[in-house]
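*Asks:* For reference, the chains in residue letters:
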Amino acid sequence: MLIYLPLAEVSVDVFLLLLLGGGVGFLSGLFGVGGGFLMTPLLIFVGIPPAVAVGSEAAQIVAASVSGVLAHMRRGNVDFRMGGVLLAGGLVGSTLGVQIFKLLQGLGQIDLFVSLAFVAVLGTIGLLMLVESVRALRRRSGGRRAAPVKRHQHLWIHGLPLKMRFPRSMLYISAIAPFSIGLGVGILAALMGVGGGFIMVPAMIYLLGMPTSVVVGTSLFQIVFVTANVTFLQAWQNQTVDIVLALLLLVGGVVGAQFGVRAGAKLRGEQLRGLLALMVLGVAAKLLVDLVSTPDDLYSLGSRSKAGA
Amino acid sequence: MMRSALALLALLAFAPAAKAQPLVADLSSHLIAITTGFAGTELLLFGATEGEGDVVVIVRGPDSETSVRRKARVAGLWINRDEMRFAGAPAFYRVAASKPLAEFVPPALRQRYQIGTDYLRLQAPADAAPEEVASFRAGLLRNKEAQDLYDAEIGRVSFLGPRLFRTRILFPANVPTGAYSVEVLLVRGGQVIGAQTTPMFVNKVGVGADIYDFAHDWAAIYGLLAVLIAVFAGWAAGAIFRK
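Residue numbers (the numbering used here), protein chains in the order written: chain A, 1 to 309; chain B, 1 to 243.
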């Protein structure tokens, strides 16, 4: 059954969208990740204009993260002070990102930029995860225990000024560090239609030294507000938020995530991470191949400015 | 279908009254409504001619400035490098005829009425090199054909008896919105002896159209609403599955 998406201005099969939402939702339930970094490229693969894919995916991430952040707040797993600083950076970054997006769109380079950004980010993250999970599997078979992650190491980050106390995270660090992380993630959120949890979570653990118990809740807290800001700005400035598309993906995603969580309980963590790493690398490879191989037609049509009606 | 058949009968019945006109034609509908379930549609064009002649039908979507970009290899990556903008490119274009064009339409006529994609008057910037214009123009036509918006193939106009003719015009799911024109020419001896232009509209209607208009006319409020809807939907979905 085809449905005409009002802002994407294309007809897409409803079941394909539900399936995509369900599939990515399943993976995000399975791996405990947001899934935006998979969804945006997949939407582009099925023919949604990249700009609309990015804008609508932001709205879907808002929806997908709301119930998660509420659950974490109930359990007291959100460091609001840290979240606030991350969010301040995120709001500045995402506002900046939407302007960059608009500029690149006018220059006709947004597709290239989105693809390149995904290749770089997914390639790096996928490799790191793959290395990590292979190591963990080796360790397990060798019978040795993993060395615990050291917290409160003295990194260059601790030399920065503007120190702030974060009681919930038991940290006394410069506010510049979380602000910059928030800023970077905010830019990515606007340009790539991702939540950025896959970058923020490792950064919070390894760079800031936050306790893992509050990391996921705090990052979700930041993601909800930053993607809400991206949704608003993309809708306002670029008219690229297709709410019909976002809701269809959400329906599939919510159902898929439930099954993902259940399946995840039966599988081992390292294997899961290895699987996710391979999938992430697969998407990156496909995007890279598209950029490097000679296109079928060197010529393409740009955005047309309608004359009159 | 019933309606168009009736209309054909009506045309037949009143044909003597229309003797002064060499050509009468009409469409089965003058409005294509793009609804949420829109998956393309087909219109029937029918009419009658007075005396001998062959018929050409030209369907044009709204003209717009169209930008064509060419990729070039930079550091191993294919990226958009050069761009050329053409004025006067119809958003949608189809031609149908009752005989192969070469047999009854001289090039001068094709030029004048822009019959066939090769004869479309696409205006390139004045300072562009001719060979560049030619390759960008070919790129534009290729892309439009790949999107099913142009068709280099000439459709068939079939005659039912000596005077009645009909043709089907297919509009794909991605048909652009706007004001269209359907031009019908009666050609005899290399001359156009009758012409009729019928307007036609492709509009979005229903919920999809309302959403589109709202998102463009009230962009900031649409953005706020989109966020609120997303938050509510996410909360509701979470609440349902927590039980």
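Keep in mind that the hints are not guaranteed to be accurate.
[Claimed, not checked] Below are the SDA-like pairs computed for lysine to any residue, each with C-alpha atoms no more than 25 angstroms apart in a straight line:
| # | chain 1 | residue 1 | chain 2 | residue 2 |
| --- | --- | --- | --- | --- |
| 1 | B | Lys71 | B | Asp26 |
| 2 | A | Lys286 | B | Ala72 |
| 3 | A | Lys266 | B | Phe241 |
| 4 | B | Lys71 | A | Ala120 |
| 5 | B | Lys99 | B | Ile58 |
| 6 | B | Lys71 | A | Leu247 |
| 7 | A | Lys102 | B | Phe241 |
I should point out that these hints are in silico values taken from the structure, not numbers from a laboratory.
*Asks:* Does each hint fit the structure? Answer for all of them.
*Replies:* Checked hints:
Straight-line distance between C-alpha atoms of Lys71(B) and Asp26(B) comes to about 43 angstroms, which puts the hinted pair past the 25 angstroms bound. The hinted pair formed by Lys286(A) and Ala72(B) meets the criterion: a straight-line CA distance of about 20 angstroms does not exceed 25 angstroms. Note on Lys266(A) and Phe241(B): the hinted pairing holds, with a Cα-Cα distance of about 20 angstroms set against a maximum of 25 angstroms. The suggested pairing of Lys71(B) with Ala120(A) holds, with an alpha-carbon distance near 21 angstroms, which does not exceed 25 angstroms.
Only pairs whose Cα atoms come within 25 angstroms are accepted, and Lys99(B) paired with Ile58(B) is accepted, the gap being roughly 14 angstroms. Of the pairs offered as hints, the one joining Lys71(B) and Leu247(A) is violated, with about 35 angstroms between alpha carbons and a cut-off of 25 angstroms exceeded. Our distance criterion of 25 angstroms between C-alpha atoms is broken by Lys102(A) and Phe241(B), whose separation comes to about 38 angstroms.
When held up to the earlier numbered hints, the structure conflicts with 1, 6 and 7 and fits the remainder.
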